[in-house]
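Novice: Residues per chain, in single letters:
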Amino acid sequence: MPFNARITMPAEARAGDIIEIRVLTRHPMDRGGQSDGKGGTVPRMILNRLTATYSGEQVFRLDMNTGISANPFVSFTTRAVASGDIVFEWREDGGATYTRTARLVVT
Amino acid sequence: MRWRAVLALTVIALAAAPATAEIKSGSEFLSPEMRRQQADETRNPAWFWVEQGEELFSRKPQTGAACISCHAEPKQSLRGAATHYPQVDAASGKLLNLEGRIEQCRIERQKQPGFGYETPEMLAMTAYVASLSRGLPVEVKTDGAAKPYYEAGKAFFERRQGQLNLSCQQCHDGMVGQKLRGDTISYGAGTGYPAYRLEWNDVGSLHRRLRACSLGVRATQFDYGSPEYLALELFLAGRAKGLPVETPGIRR
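Residue numbers (my numbering), protein chains in the order written: chain A, 1 to 107; chain B, 1001 to 1252.
Just chain B, with the same shape it has in the complex:
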């Protein structure tokens, strides 16, 4: 009977997850050495992607205009832009994250073939644009038109899923600071993304990270840019409101 008692206690512990306390950035859970590496431009490899994005931003395609011909002086004009994403696109009423907005701009305004999610070019562009908001607090809208998406993201976060029958909340609210394999469980704030992950040896988007999470609990992995992950991204950004953007971050 003892295992039953242990099981019951575990279930109680999972159920008694505290209401969202103060959310901390993912870098708070890194070793001091890795935090220093993230802050040090001479040692953080993710800056290569930012550099590439900066170059793409001002490169003129064969037909059509370069990004910089509309967004002149991006260091000022786009400073803080990334803090408002994901946001609801006024024209279509759809939720767009930074990747979605850049792709929309590229296809509709520049009349260019889209980069595609998770391509090196898209990662470079998002890393560059997000890096322009480095240090500024996340300021997404979660009310008004964004409310249904936010609620959907919240429901996704709280819903048990996968073969392990875990919800995001059970770990990322209830077990924060504890160990999962070799890593420390964080609040799941995506403020460092696109980030250089040591596991990937590469820069990846938040949706790539979410797919890894879904795989971890043996749940359905949704596509890059899928409505499920977009809504979840909005919910996570809403939770992380006020935290500074750290892109390009380093994560384990």
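Pulled out of the complex, with its shape left as it was, chain A reads as follows:
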């Protein structure tokens, strides 16, 4: 199970409320550079970007580098405007992407 995510945010909010979104991710965030035993080095394999898109608009972006620990945690806030999905997308070195979606109901 190399990737997993735990997203914690309120399921409901009133329009105009500031909501906190917490994202905990399972990933080894291997910075690479170790010997691979065959004369080469192990390539870097980290999540290099996390974006959150709320109702089609990007509300948060985090560019990550090798200084970020394994299993990173980040929390951020956004303003509840309308009911919709918040789509979280991680971009991994090598081009793989992982996506999670959370629904926010605005009353």
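In case anyone wonders, no lab produced these hints; they're calculated from the structure. Treat the numbers as computed from the prediction; the structure is a model and nothing was measured. Errors might be hidden in some of the hints.
What the hints assert, rightly or not - Here are some of the chain B residues that sit facing chain A, going by a computed Cβ distance under 7 Å:
hint	residue
1	1042
2	1043
3	1045
4	1048
5	1201
Stated by the list, open to error - Label pairs and their calculated CB-CB ranges:
hint	chain 1	residue 1	chain 2	residue 2	range
6	A	36	B	1223	23 to 31 Å
7	B	1116	A	40	25 to 33 Å
8	A	36	B	1116	43 to 51 Å
9	A	28	B	1109	26 to 34 Å
10	B	1160	A	7	44 to 52 Å
11	A	56	B	1139	50 to 58 Å
12	A	39	B	1068	46 to 54 Å
13	B	1024	A	58	29 to 37 Å
Note that the Cβ used here is the ideal one computed from N, Cα and C, for glycine as well.
Position chain B against the provided structure of chain A, taking the given hints into account.
Specialist: Only chain B this time, still in chain A's reference frame:
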């Protein structure tokens, strides 16, 4: 001559280690921020392992039964199970910890290849099963059939070993609360394990932690699941009797 006096005083200080006072959990020695992180499921990464264990627990292997087909309703049926480990296996008379019991069940009852100690699957399973006892006091048996193992663990704890010629007791009874490098010395209660250690960036078993301790005093590192560490685990659990299980814990 002054260094001799200092040395003599140090030796006296080490020898005068107080008899086991009230044992405190390892989390008492963490910063308040880390204690909050341990308690907060939204921020404690060790819950990923618990989640994985829960999934493994109900996954049916290609042949044989899933864990959950015997241990139905694990949240009730296995609540408190982990507090009794390590325990003596009635059939073989051997001391088994939680890892040993899960492996035994998997090989003998499920007829599956064993996970192996310290594999991600075993860590996930032990973290999950131990997490079902979260908050319940440790209740290991240290008398009867377990007595020889407990005595062996106690002897291990008190025996000087390694190039630094230190016993576990000298630090984990005598120097508790003082600093060792950047960390605070604790009583060595393993109630948070398998725990997420920041040093590892990963979840690891108590035996992995014990191996790190052995390396620290430049003593022999025993194998995962070795009789020496099993006996020591029983002794530590006996010392920690009454402390709540904290798995999945966070440790430095």
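Novice: All hints are to be evaluated individually against the structure, with a verdict given for each.
Specialist: Hint-by-hint comparison with the structure:
Checking residue 1042 of chain B against chain A by beta carbon gives a least distance of about 4 Å; that is within 7 Å, so the hint holds. Given hint, residue 1043 of chain B at the interface with chain A, holds; its Cβ is 6 Å from that chain's nearest Cβ, closer than 7 Å. Because the closest C-beta pair between residue 1045 of chain B and chain A is about 4 Å apart, less than 7 Å, the hint holds. Look at residue 1048 of chain B: its Cβ gets to within about 4 Å of chain A, closer than 7 Å, so that hint holds up.
With its C-beta approaching chain A no nearer than about 4 Å, residue 1201 of chain B sits inside the 7 Å limit, and its interface hint holds. For residue 36 of chain A and residue 1223 of chain B, the hinted distance range of 23 to 31 Å is satisfied, since their beta carbons lie about 27 Å from each other. At about 28 Å, the beta-carbon gap between residue 1116 of chain B and residue 40 of chain A stays in the expected band of 25 to 33 Å. A beta carbon spacing of about 23 Å between residue 36 of chain A and residue 1116 of chain B contradicts the range 43 to 51 Å that was offered as a hint.
Between residue 28 of chain A and residue 1109 of chain B the CB atoms are about 33 Å apart, so this pair conforms to the stated range of 26 to 34 Å. One distance hint, 44 to 52 Å for the beta-carbon pair residue 1160 of chain B and residue 7 of chain A, holds here, with the actual separation near 50 Å. Residue 56 of chain A and residue 1139 of chain B have their C-beta atoms about 55 Å apart, which keeps the hinted 50 to 58 Å range intact. Separation of residue 39 of chain A from residue 1068 of chain B is about 47 Å and conforms to the stated range, judged on CB atoms against 46 to 54 Å.
Our hint of 29 to 37 Å for residue 1024 of chain B and residue 58 of chain A is violated, since their Cβ atoms are close to 47 Å apart.
Of the numbered hints given earlier, the model fails hints 8, 13; all others are met.
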